[in-house]
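Peer 1: Letter by letter, the chains look like this.
Number of protein chains: 2
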Amino acid sequence: MKLASLKHGRDGKLIVVSDDLAWYADAGHIAPTLQAALDDWGRAEPALRNLAIDLEHGAIPRERFHEHDAAAPLPRAYQWADGSAYVNHVALVRQARGAAMPDSFWHDPLMYQGGSDGFLGPRDAIPLKDEAWGCDLEAEIVVVTGEVPLGASREQALAAILLVGLTNDVSLRNLIPGELAKGFGFFQSKPASAFSPVFVTPDALGDWWQGGKLHRTLMVDVNGTPFGRAQAGEDMTFDFGTLVAHAAKTRRLGAGTIIGSGTVSNRDSDGGPGKPIADGGVGYSCLAEVRTVETIRDGKPATGFLKAGDTVRIWAEDDHHRSIFGAIEQTVAAG
Amino acid sequence: MKLASLKHGRDGKLIVVSDDLAWYADAGHIAPTLQAALDDWGRAEPALRNLAIDLEHGAIPRERFHEHDAAAPLPRAYQWADGSAYVNHVALVRQARGAAMPDSFWHDPLMYQGGSDGFLGPRDAIPLKDEAWGCDLEAEIVVVTGEVPLGASREQALAAILLVGLTNDVSLRNLIPGELAKGFGFFQSKPASAFSPVFVTPDALGDWWQGGKLHRTLMVDVNGTPFGRAQAGEDMTFDFGTLVAHAAKTRRLGAGTIIGSGTVSNRDSDGGPGKPIADGGVGYSCLAEVRTVETIRDGKPATGFLKAGDTVRIWAEDDHHRSIFGAIEQTVAAG
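Residue numbers (UniProt numbering), protein chains in the order written: chain A, 1 to 335; chain B, 1 to 335.
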């Protein structure tokens with residue numbers, strides 16, 4: 001089952017989207033918003049699934065689904081927490097800035113609390129007031145949970161994952177060193193994230209969802225050029241069950257909690273940092289990583305951060321190049 | 001005007017409370033929840049104010065208000081961000097753990113993104129799974145904002161402050177050093193915060209609300225003994241206008257954003273760390289600070305962290321010892 005929110009008010013209007021992303025059916029009679037459905041999932045889920053079946057069979061009125069009409073599936077949420085599950089990425093970024101990486105990073109997940117009061121839709125511009133802030137994309141996988149009890153096990157956490165999607169976790173790289181030096185984590189360096197047009201139930205992903213990981217290629221283009229083709233199921237040190245359980249160690253998680261994977265990143269086949277796609281590698285899921293690789297290789301980065309007018313596209317496909325979650329497709333806007 | 005949420009479902013039931021906290025009137029015909037009122041404040045505010053006037057005049061049906069029936073005014077929120085405006089507190093805590101404090105802390109606010117998916121009501125127990133985590137209270141002032149535009153000035157930010165209240169920002173002190181060492185800020189070390197039974201509009205605070213600060217004594221008792229009587233209007237390096245503008249530097253803030261002051265803390269009159277109330281001082285607003293003072297004075301802390309059965313009471317009073325926001329009154333519960 002695929003769910004989305006059409007742009008409407010602060011929380012969007014819940015719809016069920018056909019598997020091929022061509023059609024939708026209004027789900028307002030089941031729940032007005034995705035958050036309302038998640039708050040009452042036991043009742044809403046079977047009704048939404050019936051609606052999805054009817055939609056596939058053409059048994060009910062349907063409308064064309066246009067991704068540019070979609071808000072983030074949760075236009076605002078009660079929780080957004082982002083892990084750094086691809087530890088390879090963390091190790092590289094720290095290497096480039098000369099910061100040692102503690103060994104504990106390989107067995108204790110990094111996670112930060114993100115702002116969730118307003119997300120960007122998949123086609124919304126990225127507002128950038130100052131290019132000197134160093135605007136970067138971060139292509140990631142996310143999951144949405146139901147309620148998770150305090151102290152949940154990895155298995156309980158996995159069972160609480162209701163939806164899977166993609167995010168562009170926009171980062172202002174040049175604000176990060178100053179903020180992290182203050183010791184309280186990210187705040188100004190993490191403006192609103194954007195999410196894929198649809199979120200998908202794990203069962204609809206079939207074999208692509210295994211062991212709490214999405215086993216698909218995360219496709220990233222920057223300014224129309226292939227930039228990242230990393231395998232999201234590889235080099236993910238902490239699966240989503242582990243990440244959700246980490247978040248629930250000292251507190252319960254409310255329904256509609258979004259947990260992110262952190263920037264997807266693959267090692268090169270020789271064990272070193274990934275190569276650009278043009279050089280036969282799988283590329284990168286953020287500019288910081290290619291800048292890191294450039295710094296390690298050449299002493300300084302050659303790739304700049306995003307400027308007004310630059311475009312970012314993030315998506316995933318099935319084996320026949322059909323989009324699974326729809327595409328995040330954003331342009332950076334000055335001001 | 002004083003607003004509260006009676007316990008009801010996930011988001012409570014909005015009520016208007018009389019100035020003396022004795023009575024309430026149901027506000028469900030104006031907005032079902034406080035978040036709904038904040039989402040539509042331009043329409044809801046005048047209607048709620050009329051209801052508050054009618055309640056004071058006894059012109060409408062009213063019910064007795066019992067603080068133990070109250071949920072947090074926002075039982076869950078889209079954003080909770082906590083500053084450290086009483087830099088004195090930060091300096092002391094860092095001094096005790098041997099960490100230098102950068103001079104920038106005196107002119108650039110510290111702020112962390114907190115979890116907002118579920119808050120504790122003012123009488124809810126503090127669930128503590130493991131006493132070794134070092135459970136502490138943190139008595140603070142909070143404000144709730146309407147929408148704040150990206151890049152808002154301090155003046156715009158001040159004007160966006162709609163409500164003022166109190167919080168117990170529960171902290172798990174022994175988890176903090178490990179989390180901060182990882183560089184991503186607090187997560188597991190900050191379980192659910194509790195809030196005062198009512199939030200109050202700035203105008204209803206009169207002279208107590210000036211320059212973006214609450215000029216009242218923050219009263220804290222631990223296990224029935226006076227523990228803190230700090231002046232919230234003093235030693236607050238960053239007022240709430242500055243804190244809200246800091247939060248909005250790179251992103252807009254959604255309606256219903258809660259911004260905290262950080263632990264309230266006063267210097268002693270001789271400029272040194274505060275003295276305990278028993279020694280004629282104003283005491284403390286968290287255990288970490290008294291432990292810090294003990295460490296600086298005696299080489300090690302004498303006061304332990306909270307254990308199951310311990311109680312915390314946080315409130316503020318008018319000049320006639322009448323409660324302004326109601327009281328946060330919590331017991332620590334094992335498991």
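Each hint should be verified, as a subset may be incorrect.
Copies of one chain are not kept apart here, so a pair can be met inside one copy or by any two copies together.
To be verified - With a straight-line Cα cutoff of 30 Å, these simulated DSS-like cross-link-like pairs (lysine-lysine) come out:
#1 Lys182 to Lys249
#2 Lys13 to Lys213
#3 Lys249 to Lys7
#4 Lys213 to Lys182
#5 Lys7 to Lys275
#6 Lys307 to Lys275
#7 Lys182 to Lys300
#8 Lys249 to Lys129
For the record, the hints were derived by calculation from the structure and aren't laboratory data.
Peer 1: Next, verify each hint and record whether it holds.
Peer 2: Hint check results:
1. Lys182 to Lys249: Answer is both: 25 Å inside a copy and 17 Å across each meet the 30 Å cutoff.
2. Lys13 to Lys213: within (29 Å within a copy, 39 Å between copies)
3. Lys249 to Lys7: between (35 Å within a copy, 26 Å between copies)
4. Lys213 to Lys182: So lysine 213 and lysine 182 pass the 30 Å test across copies only (24 Å; inside, 33 Å).
5. Lys7 to Lys275: For lysine 7 and lysine 275, the Cα distance exceeds 30 Å both inside one copy (38 Å) and across copies (55 Å).
6. Lys307 to Lys275: within (23 Å within a copy, 53 Å between copies)
7. Lys182 to Lys300: both (26 Å within a copy, 26 Å between copies)
8. Lys249 to Lys129: between (37 Å within a copy, 9 Å between copies)
Hint 5 from the list above is the single one not met by this structure.
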